[in-house]
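**Q** Counting from 1, one number per residue, gives the positions in the sequence shown under our numbering.
Derived from the structure by calculation, the hints contain no laboratory data.
Quick list of in silico lysine to any residue cross-link-like pairs, SDA-like style, CA-CA up to 25 angstroms:
1) Lys126 / Gly116
2) Lys74 / Glu90
3) Lys97 / Cys132
4) Lys65 / Asn92
5) Lys74 / Gly119
6) Lys34 / Tyr13
7) Lys84 / Ala111
8) Lys34 / Arg5
9) Lys123 / Gln104
10) Lys105 / Val87
11) Lys84 / Gly69
12) Lys53 / Cys132
13) Lys97 / Trp64
14) Lys65 / Ala93
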Amino acid sequence: MGGVRIDNEQLWYEFVYQKQTLIQLAKAYKCSSKTIQRRLKAHQASKKEPLVKPIILLLDTTYWKRSFGVMLFKDAISGNNLLKYYVKNETNALYLKGIAELEQKGYRILAIVCDGRRGLIQKITKYPVQLCQYHQQQIIRRYLPNRSKHPASKHL
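Take these sequences, add in the hints, and give me the full structure.
**A** Structural data, given as structure tokens:
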């Protein structure tokens, strides 16, 4: 009475991971390729809830035009982008909204590294905040002369 009983999970595994074509699967299961196609469409990939792990959050905005940029929230440990906003200009309110959204998703923020935007560090009181290394260097460069003769500034 028909061919081999088809397990959708096994069929999906063979199609995706063993790189079997529809025709190969149809031959193996003794049915039409349309039946295989229908079974693959019916298969629901199990949605695994992401394991919420501790993150160190990197905050930055990159601009391509004067009024178009991407505000990115990135995990420093794994390197994964967690959240992004397309913005006309960066505001502290948007940074705080993004942090709140990540908290709501269940991420456990250990620390935040940001670009030192005026007032942002003072508004983030819940987590330890650090200025990113690039912006620290820029601040030092701004306050020290380029060709200083003083021994202390030469050392820096």
